[in-house]
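Engineer: Line by line, the protein sequences give chains P and Z.
Under our numbering, the first sequence has 315 at position 315, and the numbering climbs by one with no breaks.
Under our numbering, the second sequence has 302 at position 302, and the numbering climbs by one with no breaks.
Treat the hints with caution; some may be incorrect.
According to the in silico footprint, chain P covers these stretches of chain Z (three or more CB under 8 Å from chain P) [to be verified]: (1) 77-87; (2) 118-125; (3) 284-291.
The calculated lysine to aspartate or glutamate pairs, modelled on DMTMM-like cross-linking and capped at a C-alpha distance of 20 Å, are [said to hold, decoys possible]: (4) LYS63/P / GLU90/P; (5) LYS42/P / GLU336/P; (6) LYS16/P / GLU158/P; (7) LYS202/P / GLU237/P; (8) LYS34/P / ASP286/Z; (9) LYS208/P / GLU293/Z; (10) LYS313/Z / GLU158/P; (11) LYS20/P / ASP173/P; (12) LYS313/Z / ASP173/P; (13) LYS20/P / GLU158/P; (14) LYS313/Z / GLU228/P; (15) LYS160/P / ASP98/P; (16) LYS34/P / ASP309/Z; (17) LYS34/P / GLU293/Z; (18) LYS206/Z / GLU323/P; (19) LYS268/P / ASP324/P; (20) LYS42/P / GLU90/P; (21) LYS208/Z / ASP324/P; (22) LYS208/Z / GLU336/P; (23) LYS34/P / GLU340/P; (24) LYS257/Z / GLU193/P; (25) LYS34/P / GLU284/Z; (26) LYS169/P / ASP309/Z; (27) LYS313/Z / ASP165/P; (28) LYS160/P / ASP309/Z; (29) LYS313/Z / GLU340/P; (30) LYS361/P / ASP187/Z; (31) LYS361/P / GLU237/P; (32) LYS206/Z / ASP324/P; (33) LYS2/P / ASP98/P; (34) LYS16/P / GLU146/P; (35) LYS160/P / GLU113/P; (36) LYS269/Z / GLU299/Z.
It is worth saying that the hints were derived from the structure and are not from the lab.
Quick caveat: nothing in here was measured; it's all calculated off a predicted structure.
In this text, a Cβ means the ideal position worked out from N, Cα and C, and glycines have one as well.
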Amino acid sequence: MKVTFPHMGYMYVPLKAMFKYLDIDVVVPPPCSKRTLTLGAKNAPEFACLPLKLNIGNFLEVKEQGADTIMMAGGCGPCRFGYYAYVEHEILKDLAVDYHLVVLEPPEKHIGELLTRIRQITGNRPWIKVINAIRYGYLKARATDEIERMSYQIRPRELKAGATDRALKQAIDEIDRADSPGTLPAALNRAREIMQAVPVDKNRPVLKVAVIGEIYTLLEPFANQNIERHLGQMGVEVDRSIMLSEWINDHLFMGLLKNVRSSQRFRKVASPYLNHFVGGHGEETVGSAVWYARQGFDGAIQILPFTCMPEIVAQSILPRVSEDTGMPTMTLIMDEHSGEAGMITRLEAFVDLLHRKHEQKEALTS
Amino acid sequence: MKGYLGIDVGSVSTNIVFMDDDTNVLESLYLRTNGQPVATVQRGLRQIREALPQQTVIRGVGTTGSGRQLTGIVVGADAVKNEITAHAVAASHLVPGVQTVLEIGGQDSKIIILRNGVVADFAMNTVCAAGTGSFLDQQASRLNIAIEEFGDLALQGKTPVRIAGRCAVFAESDMIHKQQMGFNLEDILAGLCEALVRNYLNNVGKGKEILAPVAFQGGVAANAGMRRAFERALGMEVIVPKYFNVMGAVGAALLAKEAVARGVPTRFKGFGVADMEYKAGSFECDGCPNLCEVIEMAEAGKIIARWGDRCGKWSNAVSVEQTAGSVS
Chain P
1 MKVTFPHMGY
11 MYVPLKAMFK
21 YLDIDVVVPP
31 PCSKRTLTLG
41 AKNAPEFACL
51 PLKLNIGNFL
61 EVKEQGADTI
71 MMAGGCGPCR
81 FGYYAYVEHE
91 ILKDLAVDYH
101 LVVLEPPEKH
111 IGELLTRIRQ
121 ITGNRPWIKV
131 INAIRYGYLK
141 ARATDEIERM
151 SYQIRPRELK
161 AGATDRALKQ
171 AIDEIDRADS
181 PGTLPAALNR
191 AREIMQAVPV
201 DKNRPVLKVA
211 VIGEIYTLLE
221 PFANQNIERH
231 LGQMGVEVDR
241 SIMLSEWIND
251 HLFMGLLKNV
261 RSSQRFRKVA
271 SPYLNHFVGG
281 HGEETVGSAV
291 WYARQGFDGA
301 IQILPFTCMP
311 EIVAQSILPR
321 VSEDTGMPTM
331 TLIMDEHSGE
341 AGMITRLEAF
351 VDLLHRKHEQ
361 KEALTS
Chain Z
1 MKGYLGIDVG
11 SVSTNIVFMD
21 DDTNVLESLY
31 LRTNGQPVAT
41 VQRGLRQIRE
51 ALPQQTVIRG
61 VGTTGSGRQL
71 TGIVVGADAV
81 KNEITAHAVA
91 ASHLVPGVQT
101 VLEIGGQDSK
111 IIILRNGVVA
121 DFAMNTVCAA
131 GTGSFLDQQA
141 SRLNIAIEEF
151 GDLALQGKTP
161 VRIAGRCAVF
171 AESDMIHKQQ
181 MGFNLEDILA
191 GLCEALVRNY
201 LNNVGKGKEI
211 LAPVAFQGGV
221 AANAGMRRAF
231 ERALGMEVIV
241 PKYFNVMGAV
251 GAALLAKEAV
261 ARGVPTRFKG
271 FGVADMEYKA
281 GSFECDGCPN
291 LCEVIEMAEA
301 GKIIARWGDR
311 CGKWSNAVSV
321 EQTAGSVS
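So that you can see chain Z by itself, here it is in the shape it has in the complex (with noise of 0.2 Å):
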């Protein structure tokens, strides 16, 4: 068997997927990153090798998310593409036709217009990760509720209360209030997706132009309650696709074939990765008063790379190395 190796590396969550050679997605992970994602790739390439067949042959990797750079020089990617690529390449794949992506994750909340299947516009959450997977997470364990059960229980309020939800801590000290005034719980949490919708819509969506149709991916999803409550604020079918939680991974194994369709050789360094030693250490340049923290990771003993200066001292004497190192 022959495929393509897509890592998302994410604040909160990092998925591998494996994908044939005819796009069909035979494994996918969700693992917790925990703070530690060259631990939390080494841990999910182990998984995903002992899932695979013996003799499958692995013709490109791709990485993105938050931890993508990192992630692509320890794996040795093909493509490192930033999360916005790697979604909407996954969305017009998977959601034929598809000219609007709703993406809440973990930290961070975007759309993406796209039109024709080319990204026309996108917008990222700036000055507040209101309505974000996190704040939801914090809220279902206030409440001593599963977060699997947060949608189901917010499907079952008949009238949503009205929460605040310019900010999360706006939103919070609002439903708290709302508490306490005795509204019942199902009706809380349906104000709560209905406020974050508004959110979203409001700071992130910015009076964009919303088309059908319309994709609601990433982790928040899985939440029937926030897809309900976009279906009532758009007035318009939302579509969940059906990987819909690793949708990033999913584009980046896209874009990994894409790359290696070019002829160029993949650049994967093995499954061998996940044995390996990765050591990271930092320091702090004193070359100006920046005193920027310089990042270095270490591979068996050996620096791979480095990076967190601002003038490119420390990063581009490794980098150099490297594109010599790639030509011969």
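Isolated chain P (complex conformation) (with noise of 0.2 Å):
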């Protein structure tokens, strides 16, 4: 058996650690490039969404490699993300490219569901051994999202060009390499100590802008056409609703592990705009652009795929927090017909007018 799962940023930096830890063979898809998206694109429906089109290209791509079993997440509710895993299942069938399937269904009543889901993969291993793969995995997690979060204060800060995204990939690699949970948290420092030591000036005057969202397109660059490291090469300091980390807690530990940063605070302040579950993460998106106005943020931009429900509902709302908070707010919607100019044009605009509005507003209060 050779397992595989779709790419979503830095989440191949854990699965493939836990996937190691249990001795089994996983295969990580190329990244996410031009010739994924030609793949997914030429095979999916038009109206799937980028997410979609994506995670099919990784499974074309590695299947080159050798892979046999997919390991997809599920899910339940108005996101056709919880049918994907199987629709993506058939597309591939009929492309005669045969994968045994996985689906971890979010565990609706107890983790001992998700328990038995992971039970198909790791047969007959130990339940000790299971849960401190995943306990190791979760802990990666936790450690390319401190590396994650740390370029973003650098990167608007750095002395010299593309300097912190150099560091980034080599902090990464760092943690990737480590291979037990022993050696972990020596590379978690190796790679804290690759990115304090980047140049940077301390005193530059900085925007912080939030991006907030649908979780693929936060998470993985590729389908965001690196927003994050744009926006902070134009002096922006960026901060990601969702992390990785925080995402598995939330939705596959069901919030079990407690002091860490939930999207639990989101959905306290989304109630007087939207007081229900929409699918997917709309009703943590609108409240997210509560919390980032009340936390000071110049800015927060929403970044869903072309067609996302959920998504679509909480734009529509985002105009009346934008009011009501004073904070601006701007969407961008991402497909493949998606270019990068335009979005970088866009992405110009919106930071000219909060720095003018900041300058506005300190020029009031000096």
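Using the hints, build the complex out of the two chains.
Structural biologist: Structure below.
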């Protein structure tokens, strides 16, 4: 059995670590690229969203490397993602690309449900080892998240263009290379050092912008055309509303771990605008806009894949949030037709708007 | 004489203005880009050089439009700003207190909402390009009328024909259908203007609060039929500023003035760039499966810029040299 999974940002780091810990063969798909998207868009329905197209592209590319089992997340509710695993499986079958499919549905009642599904891949390995593997994977996710968040602070202040990107790649590789739970803390320390070694101008004034919206397009840099990098290079400190480890704790562990950032904080403040589940992260997106406005952020950018229903609901509510809180918001919709130049023009205009607003605010208060 | 240059390189037109220290526009040029931005900018610079008195000093240059980065590198610009900012700056300069800017250019249309002189909100056409200048241009030539006559003919329409304006393809086929039914040309043109305004307000304006004074700019603002259609749809006066078709360039010149006002010397390379040899080349990077097409620009045989790579491997390699060069 050779297990594979679709790409979503740095998710491959914890997943690969988990499988290796359990001595399960794992193949990581090549990074999402133009080829991935071309393969996916060719074989997916036109009106499916970008994540489905990229997933199919991932699976087709990784088949060439001998993978035979897909591990994929599932779900329920108004977001179509819940049945993507099955739809993708059918599409692959039609293409005569045979995979064994294991769907990890978020548990509805009890974490035991999740463990039963994990059994399909782990076979007879002792439970304690499986649980340790999950813990190890989670710690790796925490580590990559920490490094990513360091890059948000460093990039707008870097003295040499591109230095943060190079350091980030090195630091993530460092964490990726740690091959046991025992060596992980030291690897994380080295990664931190690599990031801290980037020369920065600490006193440079920066704007603070939150990127909010749909999880896949937030986490996968290929899907969002490297929006965090572009914003950082425009002198903007970014914060992303969903980090991988937070999502794992919220959805797979059902909030088991306390004292970590959780999307609960968004749901609490969403209520005057939207107070029930609309699928996906629609409710959290609305809440996150409110939350970031209260944290004093200069602006928020919502990212969603074209045809994403939960986020369209949120998009229609955001102008009211923006009006009430005074924090400008902008929405970017991603699909295979999105041009990078068009996106940069909109980002520049948005950042310019925030700059001028910021200057005006300072002139009034001083 | 001392002043500033503003250059707006768009997909259809390239505009250059010369603005003196008191922000009076002394020269303005409107050229067709014809898909050759660098050659067009060079041609424009030559024309401006001839039009200006010998001892003119250029204190700063600003570029905008979709070719802003390319042009900015070629001429050595002090301000490289996107078209939304440039249009907003120009509008608030020429139409004091403006609160809404409607802008329809060749390929793009946008709406900018200003409050207290600051951009508060903006939007650009996204999914469909219906209702932009190129479409009007195309329809005029299909009907065999000059684009300059379009607006006046549309104004003569008494009962505008209702035309489906959701998308340019539907608008065109519906328009042909109405012609076959025998409606007269003036009513069809007036109907087309109304359809495009409806399309604009629904797809670009999307329920944004449109408050007076409203400025209407971009090449399409020359079309009196479009202006009247806007006035009827909004129920308020729509102002077409004096330099409506070169507003981007006016904004770029104002931004250049702002940029050099902080005491930085201008980076303008001089009018000599008009006679310099620029050559663009491209290659496909095979570093990863993205296979990015990297474009490079050479000035007299020396590579001055590269772009088009997703990872920054090539573009950073040149820009690092540039930052190092500008420090010394």
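Engineer: List in ascending order the numbers of the hints, as given earlier, that are violated by the structure.
Structural biologist: 6, 9, 13, 15, 22, 24, 30 and 35
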